[in-house]
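Trainee: Residues per chain, in single letters:
2 protein chains.
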Amino acid sequence: MAVEPTPIRRPRADRARQVADVLRQQIHAGAFDRTLPSEQHLAAEFAASRNTVRDALALLKDEGLIDRAPKVGTHVAQRKVDHGLDALTGLKETLKGYGEVRNEVRSAGPVTPPPAVARRLELAPGEEAIFVERLRYLGDLPLSLDLTYLAPDIGNEIITRDLEHNDIFTLIEEISGGPLGSADLAMEAITADAHSAATLLVPDGAALLLLERLTRLDDNRPVDLEYIRMRGDRVTMRSSLIRDTTSWELT
Amino acid sequence: MAVEPTPIRRPRADRARQVADVLRQQIHAGAFDRTLPSEQHLAAEFAASRNTVRDALALLKDEGLIDRAPKVGTHVAQRKVDHGLDALTGLKETLKGYGEVRNEVRSAGPVTPPPAVARRLELAPGEEAIFVERLRYLGDLPLSLDLTYLAPDIGNEIITRDLEHNDIFTLIEEISGGPLGSADLAMEAITADAHSAATLLVPDGAALLLLERLTRLDDNRPVDLEYIRMRGDRVTMRSSLIRDTTSWELT
Numbered sequence: 002m003a004v005e006p007t008p009i010r011r012p013r014a015d016r017a018r019q020v021a022d023v024l025r026q027q028i029h030a031g032a033f034d035r036t037l038p039s040e041q042h043l044a045a046e047f048a049a050s051r052n053t054v055r056d057a058l059a060l061l062k063d064e065g066l067i068d069r070a071p072k073v074g075t076h077v078a079q080r081k082v083d084h085g086l087d088a089l090t091g092l093k094e095t096l097k098g099y100g101e102v103r104n105e106v107r108s109a110g111p112v113t114p115p116p117a118v119a120r121r122l123e124l125a126p127g128e129e130a131i132f133v134e135r136l137r138y139l140g141d142l143p144l145s146l147d148l149t150y151l152a153p154d155i156g157n158e159i160i161t162r163d164l165e166h167n168d169i170f171t172l173i174e175e176i177s178g179g180p181l182g183s184a185d186l187a188m189e190a191i192t193a194d195a196h197s198a199a200t201l202l203v204p205d206g207a208a209l210l211l212l213e214r215l216t217r218l219d220d221n222r223p224v225d226l227e228y229i230r231m232r233g234d235r236v237t238m239r240s241s242l243i244r245d246t247t248s249w250e251l252t
Numbered sequence: 002m003a004v005e006p007t008p009i010r011r012p013r014a015d016r017a018r019q020v021a022d023v024l025r026q027q028i029h030a031g032a033f034d035r036t037l038p039s040e041q042h043l044a045a046e047f048a049a050s051r052n053t054v055r056d057a058l059a060l061l062k063d064e065g066l067i068d069r070a071p072k073v074g075t076h077v078a079q080r081k082v083d084h085g086l087d088a089l090t091g092l093k094e095t096l097k098g099y100g101e102v103r104n105e106v107r108s109a110g111p112v113t114p115p116p117a118v119a120r121r122l123e124l125a126p127g128e129e130a131i132f133v134e135r136l137r138y139l140g141d142l143p144l145s146l147d148l149t150y151l152a153p154d155i156g157n158e159i160i161t162r163d164l165e166h167n168d169i170f171t172l173i174e175e176i177s178g179g180p181l182g183s184a185d186l187a188m189e190a191i192t193a194d195a196h197s198a199a200t201l202l203v204p205d206g207a208a209l210l211l212l213e214r215l216t217r218l219d220d221n222r223p224v225d226l227e228y229i230r231m232r233g234d235r236v237t238m239r240s241s242l243i244r245d246t247t248s249w250e251l252t
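Protein chains in written order, with my numbering: chain A, 2 to 252; chain B, 2 to 252.
Mixed in with the good hints there might be a few duds.
The list that follows gives simulated cross-link-like pairs (lysine to aspartate or glutamate, DMTMM-like), each with its CA atoms no further than 25 Å apart [unchecked claim]:
1. A:93 to A:56
2. A:72 to A:83
3. A:93 to A:185
4. B:62 to A:56
5. A:72 to A:94
6. A:81 to B:205
7. B:97 to B:123
8. A:62 to B:134
9. A:97 to A:141
10. A:72 to A:105
11. A:97 to B:185
12. B:97 to A:134
13. A:97 to A:15
14. B:97 to B:205
15. A:62 to A:105
16. A:93 to A:168
17. B:81 to A:185
18. B:72 to B:165
19. B:62 to B:94
20. B:93 to B:40
21. B:62 to A:141
22. B:81 to A:141
23. B:93 to A:185
24. B:81 to B:68
25. A:93 to B:163
26. A:62 to A:168
27. B:81 to B:165
28. A:81 to B:185
29. A:62 to B:205
30. A:97 to A:56
Far from chain B, by Cβ distances over 10 Å, these chain A residues were calculated [as the list claims (entries may be wrong)]:
31. 36
32. 52
33. 68
34. 101
35. 103
36. 165
37. 166
38. 241
Keep in mind that the hints were calculated from the coordinates and are not lab data. In this text, a Cβ means the ideal position worked out from N, Cα and C, and glycines have one as well.
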C-alpha cells in the first residue's frame, strides 16, 4: 500500500494476504484472461514490494488458482465456476454455458435411512428411502461428490430415469408435476479426507465446500436431503441480497 | 446401511463418509449434547459395521468436531456457530446468545487502494480508502480474520469509533443515518496458509470459509468491501429459500 494503514509497519505476510485477496477476486472476474501481469507491474498497481507480490502469488498458487514458471510467467490455472446460492437450480442448469455436466452414478437404490435422516425427510421409522451417490463432472474434471436421500415415492421413480445427464431437481419437478417449494441450506469448509480427495482428484487435505441442503415440494413436504462436497478450487458460491423495506430478497 | 443401495458392495470409505455426513449434521443440531453414543450404538443406528462407524468418527475427529480417547469415549469438541447468509447483520448481532464477540483491531487507517478495489467502491483513481483489519473473537478463540475497505467519508468516521466492541455494519448505519441497501456475496473454501493459520490459531492447512462481500447503502452506493476468513471448524453459513411464485425470497 502506498500509505501504510497504521503507523506501525505491518508484517509482509499481512500485506501479501491483502494483495492475494484482491488478485483472487480479479482472477474470478476474468480480469486477466489467461496471463497475469508481471511482478513489477503488480507491485506498482498494489503499491507493494516485489517480495510482497511474490508471496501473494505463492498463496494463490497453493490454492491451485494460478501456475507459475520461470520465463513462462504467471497464468490462470483455472477459473472457478459460479454457483448461485439464491435459487433452487440444479448444477446442470446453473452451469449452462460453462461446459457439459455429466454425472457418474456411483450408487442408486433403496436404503433404510438412519433415524436422523428419516426424521428430516419425515419418513416413518423403518420406511425406506432412496439413496443416490453421484460424482459430478464439469468437462473432464470432477466438480462435486453428491450424496442424496430421496423420499421413496419420488426416489423410486427417479432411479428409473437418466441420472447421468439430468439434475435431480429437474427430475423431481417432472415427477411431482410442480415446482420445488423451499430449501434449507448449510455451508461449511472442510478439508478432503484421503478417500474423498482421491475421488474428486484433488490433493489430500484440499479445501472443499460442503453444502447440506433439504429441499421441499410446494406443499412443504421434504423430499430431498443432499450432502454435496464441492472442490474448493473450482466453485464459488454467490448470492445477492436486497433490503426490501421489511425483509431481504434475493435478486 | 441395512439394505445396500446397489448390488455391488460399496467400499467402506464410501459408507464411512455417508455416516459421517449425517453425524456431522446431528452434532451441529445439538443432538448429542456433549457425549456421542457408543460405537456399538451408532453401528446399530446406522446399520453399519463398527469399523465403518470408527472410520466415520475418525473423519469428524480430523475436522476438529469431536475428541476421542480410550475409556473416555467420544465427545463433541465444539459446536459450530450458525451465521445467516440471508440478512446483512454483523457478527456481533448474528452471534447474540453464543457469547461475547470482541474485535482485535490489527490495522486501521487510510490506504491508496489498488485500482480493482477503487473500482468496486466507485472511488476516483488515487482517492483514499480506509482499511481496517480485525481479528474477531467469539469467547476466547478467534472466529474470523476480516479485511475491510471502506469509502473514505464513512471510513474516516468509523475509525474514530469503538471498533473493538461494535460491528462495522452497525457503525455504517449509525454514521450514514439509514439502513444498508444491498450486498453481493461470494463464498469459497480455501486452506489456511501458514500465517493465516497462526493468526486464527488453527493448524496449517486447516479449512477456511472465505467470504467476499460488497455492501451498498440504501442509495446504492458501495461503501464496504470485505474479505472475511472464517474458521471452518467454527462456522456454518445457513440460509433458507422460499419460492414465491416469481422469485426467491429468503426467510
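Trainee: Does each hint hold? Answer for all of them.
Mentor: Checked hints:
1. Simply put, residue 93 (chain A) and residue 56 (chain A) have alpha-carbon atoms about 37 Å apart, too far for the 25 Å limit, and the pair is violated.
2. Between the alpha carbons of residue 72 (chain A) and residue 83 (chain A) the distance comes to roughly 32 Å, so the proposed pair goes past 25 Å and is violated.
3. For the hint pairing residue 93 (chain A) with residue 185 (chain A), the CA-to-CA distance comes to about 20 Å; that is within 25 Å, so the pair holds.
4. At roughly 32 Å between alpha-carbon atoms, residue 62 (chain B) and residue 56 (chain A) are farther apart than 25 Å, so this suggested pair is violated.
5. As the CA atoms of residue 72 (chain A) and residue 94 (chain A) are separated by approximately 40 Å, the hinted pair breaks the 25 Å bound.
6. Our distance criterion of 25 Å between C-alpha atoms is met by residue 81 (chain A) and residue 205 (chain B), whose separation comes to about 24 Å.
7. For the hint linking residue 97 (chain B) to residue 123 (chain B), the alpha-carbon distance of about 33 Å lies beyond 25 Å, and the restraint is violated.
8. Proposed proximity of residue 62 (chain A) and residue 134 (chain B) is supported: the alpha carbons are some 24 Å apart, at most 25 Å.
9. Restraint check for residue 97 (chain A) and residue 141 (chain A): satisfied, since their Cα atoms lie roughly 16 Å apart, inside the 25 Å limit.
10. Using a Cα cut-off of 25 Å, the hinted pair residue 72 (chain A) and residue 105 (chain A) is violated, with the two alpha carbons roughly 40 Å apart.
11. About 21 Å separates the Cα atoms of residue 97 (chain A) and residue 185 (chain B), which keeps this hinted pair within 25 Å; it holds.
12. This hinted pair does not check out: residue 97 (chain B) and residue 134 (chain A) have alpha carbons roughly 38 Å apart, beyond 25 Å.
13. Simply put, residue 97 (chain A) and residue 15 (chain A) have alpha-carbon atoms about 38 Å apart, too far for the 25 Å limit, and the pair is violated.
14. Under the criterion of a C-alpha separation no larger than 25 Å, the hint pairing residue 97 (chain B) with residue 205 (chain B) is inconsistent with the structure, at around 30 Å.
15. Among the hinted pairs, residue 62 (chain A) with residue 105 (chain A) is inconsistent with the structure: their alpha-carbon atoms are about 29 Å apart, more than 25 Å.
16. Annotation: proposed proximity of residue 93 (chain A) to residue 168 (chain A) holds, straight-line Cα distance about 6 Å (limit 25 Å).
17. Pair hint residue 81 (chain B) plus residue 185 (chain A) holds up; C-alpha atoms about 17 Å apart against a cutoff of 25 Å.
18. Using a Cα cut-off of 25 Å, the hinted pair residue 72 (chain B) and residue 165 (chain B) is violated, with the two alpha carbons roughly 43 Å apart.
19. Only pairs whose Cα atoms come within 25 Å are accepted, and residue 62 (chain B) paired with residue 94 (chain B) is rejected, the gap being roughly 30 Å.
20. Between residue 93 (chain B) and residue 40 (chain B) the CA atoms are separated by roughly 38 Å; this puts the pair beyond 25 Å, and the hint is violated.
21. Pair hint residue 62 (chain B) plus residue 141 (chain A) does not hold up; C-alpha atoms about 32 Å apart against a cutoff of 25 Å.
22. A C-alpha spacing of about 35 Å is found between residue 81 (chain B) and residue 141 (chain A), which places the hinted pair above 25 Å, so the restraint is violated.
23. Our distance criterion of 25 Å between C-alpha atoms is met by residue 93 (chain B) and residue 185 (chain A), whose separation comes to about 23 Å.
24. With a C-alpha separation of about 14 Å, the suggested pair residue 81 (chain B) and residue 68 (chain B) falls inside the 25 Å cut-off, and the hint holds.
25. Distance check on the hinted pair: residue 93 (chain A) and residue 163 (chain B) sit about 47 Å apart at the alpha-carbon level, beyond 25 Å; violated.
26. Pair hint residue 62 (chain A) plus residue 168 (chain A) does not hold up; C-alpha atoms about 33 Å apart against a cutoff of 25 Å.
27. Distance restraint check for residue 81 (chain B) and residue 165 (chain B): the Cα-Cα separation of roughly 23 Å lies within the 25 Å cut-off, and the hinted pair is therefore satisfied.
28. In summary, the hint linking residue 81 (chain A) to residue 185 (chain B) is supported, as the alpha carbons are separated by about 17 Å, within the 25 Å threshold.
29. In summary, the hint linking residue 62 (chain A) to residue 205 (chain B) is supported, as the alpha carbons are separated by about 16 Å, within the 25 Å threshold.
30. For the hint linking residue 97 (chain A) to residue 56 (chain A), the alpha-carbon distance of about 36 Å lies beyond 25 Å, and the restraint is violated.
31. Against chain B, the non-interface label of residue 36 (chain A) holds: every CB pair exceeds 10 Å, the least being about 17 Å.
32. Consistency note on residue 52 (chain A): stated as away from chain B, and its beta-carbon is indeed over 10 Å from all of that chain's, at 14 Å minimum.
33. Consistency note on residue 68 (chain A): stated as away from chain B, and its beta-carbon is indeed over 10 Å from all of that chain's, at 17 Å minimum.
34. No Cβ of chain B comes within 10 Å of the Cβ of residue 101 (chain A); the nearest lies about 23 Å off, and the non-interface call holds.
35. The non-interface label for residue 103 (chain A) is consistent with chain B: the shortest C-beta to C-beta separation is roughly 19 Å, beyond 10 Å.
36. For residue 165 (chain A), the requirement that its beta carbon stay farther than 10 Å from each beta carbon of chain B is met, with the minimum near 15 Å.
37. No Cβ of chain B comes within 10 Å of the Cβ of residue 166 (chain A); the nearest lies about 19 Å off, and the non-interface call holds.
38. Taking the minimum C-beta to C-beta distance to chain B, about 5 Å, the non-interface status of residue 241 (chain A) is violated against the 10 Å cut.
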